[in-house]
Amino acid sequence: MHVSDRIIYLFLFLVGLSLIGMILQSWRMILYPYLIVIGITILIGMWKSIIHVPKKICIPISVSIIYFILYGLLDILSLDSIADKDYYIFGMTPTMALYLIAILPSAVIICLLYAITFTHGNMSNNTNENHELDEVIK
Amino acid sequence: MNGIITGIVVVYLFICILIGIWATRQTKSTSDFLIAGRNLGMFVMAIAAFSSIQSGFGLLGGVGQTYDAGMGFAAGVLIAAPLGFGLTWFLVGKRMWMMGSKGDVYTLGDVVEKRYDSKAARGWLGIAITLGVIGYLGTQVQAMGIIMHSIFGVSPKVGALIGLTILAFYSVGGGIIASVYTDLFQGIIMIIVSIVIFFIAINVGGGMQTITQNLQSADPLLATSFGTYSMVSIACWIFLFSLGAAGQPHFINKFLMIKSPKQLKWGAFTAGIAYAITVLLVVSIGLSARSLYIQGKFPELATPDDSLVVFVTHFTPSVIGGLVLAGLLAAIMSTGSGFVTLGAASIVRDIPRAFNIKVKNELMMNRIVVLALLIISTLFSFYMDTLVALLGVFGWGTFASTVFPAVVLGLIWKRATKQGAIASIVIGLFLNFLLEIGQKYGIVILPEGVVVGAFSLAISIMTFIIISLLTQKENVRLDKEMLKAMEG
Numbered sequence: 001m002h003v004s005d006r007i008i009y010l011f012l013f014l015v016g017l018s019l020i021g022m023i024l025q026s027w028r029m030i031l032y033p034y035l036i037v038i039g040i041t042i043l044i045g046m047w048k049s050i051i052h053v054p055k056k057i058c059i060p061i062s063v064s065i066i067y068f069i070l071y072g073l074l075d076i077l078s079l080d081s082i083a084d085k086d087y088y089i090f091g092m093t094p095t096m097a098l099y100l101i102a103i104l105p106s107a108v109i110i111c112l113l114y115a116i117t118f119t120h121g122n123m124s125n126n127t128n129e130n131h132e133l134d135e136v137i138k
Numbered sequence: 001m002n003g004i005i006t007g008i009v010v011v012y013l014f015i016c017i018l019i020g021i022w023a024t025r026q027t028k029s030t031s032d033f034l035i036a037g038r039n040l041g042m043f044v045m046a047i048a049a050f051s052s053i054q055s056g057f058g059l060l061g062g063v064g065q066t067y068d069a070g071m072g073f074a075a076g077v078l079i080a081a082p083l084g085f086g087l088t089w090f091l092v093g094k095r096m097w098m099m100g101s102k103g104d105v106y107t108l109g110d111v112v113e114k115r116y117d118s119k120a121a122r123g124w125l126g127i128a129i130t131l132g133v134i135g136y137l138g139t140q141v142q143a144m145g146i147i148m149h150s151i152f153g154v155s156p157k158v159g160a161l162i163g164l165t166i167l168a169f170y171s172v173g174g175g176i177i178a179s180v181y182t183d184l185f186q187g188i189i190m191i192i193v194s195i196v197i198f199f200i201a202i203n204v205g206g207g208m209q210t211i212t213q214n215l216q217s218a219d220p221l222l223a224t225s226f227g228t229y230s231m232v233s234i235a236c237w238i239f240l241f242s243l244g245a246a247g248q249p250h251f252i253n254k255f256l257m258i259k260s261p262k263q264l265k266w267g268a269f270t271a272g273i274a275y276a277i278t279v280l281l282v283v284s285i286g287l288s289a290r291s292l293y294i295q296g297k298f299p300e301l302a303t304p305d306d307s308l309v310v311f312v313t314h315f316t317p318s319v320i321g322g323l324v325l326a327g328l329l330a331a332i333m334s335t336g337s338g339f340v341t342l343g344a345a346s347i348v349r350d351i352p353r354a355f356n357i358k359v360k361n362e363l364m365m366n367r368i369v370v371l372a373l374l375i376i377s378t379l380f381s382f383y384m385d386t387l388v389a390l391l392g393v394f395g396w397g398t399f400a401s402t403v404f405p406a407v408v409l410g411l412i413w414k415r416a417t418k419q420g421a422i423a424s425i426v427i428g429l430f431l432n433f434l435l436e437i438g439q440k441y442g443i444v445i446l447p448e449g450v451v452v453g454a455f456s457l458a459i460s461i462m463t464f465i466i467i468s469l470l471t472q473k474e475n476v477r478l479d480k481e482m483l484k485a486m487e488g
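Keeping their order, the protein sequence lines are chains X and Z.
All residue numbers for the first sequence refer to this note's numbering, where the first residue is 1 and numbers rise by one.
All residue numbers for the second sequence refer to this note's numbering, where the first residue is 1 and numbers rise by one.
Everything labelled a hint here was simulated from the structure, so no lab data went into it.
No experiment lies behind these values; they were computed from the predicted model shown.
Note that beta-carbon positions come from the ideal geometry of N, C-alpha and C, so glycine has one too.
Treat the hints with care, as some may be off.
[Unchecked claim] To be clear about the criterion: a stretch of chain Z counts as covered by chain X if any three or more of its residues have a C-beta under 8 Å from a C-beta of chain X, and this derived list gives those stretches:
#: 1; region: 87–94
#: 2; region: 450–458
[Stated by the list, open to error] Calculated cross-link-like contacts (lysine-lysine; reagent style DSSO-like; alpha-carbon spacing at most 30 Å):
#: 3; chain 1: Z; residue 1: K480; chain 2: Z; residue 2: K102
#: 4; chain 1: Z; residue 1: K262; chain 2: X; residue 2: K56
#: 5; chain 1: Z; residue 1: K480; chain 2: X; residue 2: K56
[Claimed, not checked] Residues from chain X that keep clear of chain Z, each with C-beta distances beyond 12 Å, as calculated:
#: 6; residue: L31
#: 7; residue: P54
#: 8; residue: C58
#: 9; residue: S62
#: 10; residue: I65
#: 11; residue: I69
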C-alpha cells in the first residue's frame, strides 16, 4: 500500500472520529483527533523534503505534540477557571492568556515553518519520489 | 458622524476608485481579468489572500460576537484562520501553482476538469461556487450597509448600494487585478489600524486587568478563553476554519496568480501574521466594549454587530475612528471583489464548459456577470435577517465542504475519482443548504452546538474518500505532468 493511501486512510479515520464527536457532542473527541490531522497536513506538505532528509518527519510530529500539550493544558485550566478569580497573567485569566500568548502565536509559527522548510528545487524533481517516500516511511 | 471620519472614508473610497481605473487599463485579456496575468509577487498575493479571508464577518461580526458572549468566537474562528493559512500553503501551495503552470488554467473548475478529466465535476463545482458566492457576498453587502449607515446616516439599504456601486466600478473594469491591488491597499489599512486600535481599546477599557475584572463581575465565563459559547461549537469552528481554509476558492485560486514558485516561500507567514494582528482588534474592542457596558459607559445596542462602529465613534479619536471604519469597509470590499470575480468565472467559464459550450468574448461576459452577481447578492442580502457573523460561517462552510475534498484532497491523492469528487460536492452543497434552511425554520437535526459547516465538511471528506475507493475501476490514468503537480 502506498504511503499516500495510508495517510488518506488515517485522515479518514481521524475525521470520522471528529464526526462521531460531533454526533455525541463531545468537544474533546472533535478537537483531539483534529490536532493529529494538523500534523498529517504538514506531513503531506513536506513529503518531498522528508524524502531527502528523513529526520524532518519530526517536524509534523512535533507540531501535533505541541498542540496536544497546549490544548491539554487549556483543558485542565478550563476545569477550574471560573473559581480562579484572583490569578492573572498580563491582566488576563490563565486560559485567556494561554490562548492569546501561546495558541495564537503557534498558528503563526506554523506559517513560519512553511518558509523555513520550503525547498523550491523540489518542484522540478521527477515523479518517482512517491515510491522513494514509501520506502523511507516503511 | 463627524466630518473627519466621513472625510477619511470618502478619501479611502476615492483611492479604491483610482485603483479601479488603473486596473481597468491593465486588464486586456481573460487571463488578466481572472488570474492577474499570472504575474503576482509574494507580498501582493499574501496580503490579498489575507484581505480576502479577513472579511466583514470576521471583523464586524467577530467584534459583535466577542462583545455579546466573550472570546469563544475568536477562539474558534479567528485563531483557527491563521493556522489555516499555514495548512493551506502546505497542502496546495505548490500543487496549485504547478496546476496553473499547465496553461489555460484560470479557475478551480479548470483544475478539477484537468485532474479528473471530467466536465461534470467542473460543472458541479461551478454551481457550488456560484451559490456560495451569492450567499457569502450577501453577508458582505449586509455588513457594508451597517457601516455606510453609521458613517453617512443613510439607510442600510442605500448605504449598501453606495458601497456596491464603487465595488462594481472597480470589479467590472479591473477584475482580479483591481481586486488584488485594492486588497493590498485595504490589507495594509487593516493591519495598521488593528495595531493602533489594540492599544487604544485596552487603554479605554482601563487596562487588561480592569477589563478582565469587569467581565468577571458580570459573568466569570466572559473572561475565559471560550466565553459563554458551547465548547462543541468552538471545536467545530477550529476544525472548519483551519482545515476548511484550504477550501475557500477566493483564497486558493490566488495560487494560480503567482509568477514563480519562489514567491510561495514567505506567503503563509505574511498572510498568517497579518491575520493574527487583526485578531487583536477584534478581541480588544469586543472585550473592552463589553467591559464599558458593564460599567454603564457603553450605550445599549440594537444588535451586537453595531458594537464595533459604536466603539470607534464614541471612544476613539476621529482620525482613528475614520481609519478603523475605512479598514472595516476595506475588509468587506476586498472580500466582495474577490467573490464577484470568482462567481463570474464559474458562470462564464466553468458551467458552460461543463456542457461543451465555450463562451465567446469571455472578458466582456465576465464583466457583465460581475455586475449581475452584485445585483443578485444585494437582493439576497435585503431578505436576510441573520447576524453577519453567522451568515459568514454558513458561507465558509459551503465552500469548505464542496471545494476541500474535490480540489485539495484530489490534488494529493492519486486514487481519487471523479465520482468521489462529484458526490462530495453535491453532498456538501445540499447538506449545508438543507441543514441551514432547516435551522432557520426551526427544524434542528444536528445536536446542539454542532456547526453545520463542520458537520458537512466531515461528511463530504468521508464521502469523497469512500466513493473514490468504491469506484477505482473508473480512475483515470494521470499523465506525467499531473503526477508532478500532485507531488507538489
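We went through each hint and held it up to the structure:
no.	hint	verdict
1	87–94	holds (count 6)
2	450–458	holds (count 4)
3	K480(Z) <-> K102(Z)	holds, 12 Å
4	K262(Z) <-> K56(X)	holds, 21 Å
5	K480(Z) <-> K56(X)	holds, 27 Å
6	L31	violated, 4 Å
7	P54	holds, 17 Å
8	C58	holds, 16 Å
9	S62	holds, 14 Å
10	I65	holds, 16 Å
11	I69	holds, 16 Å
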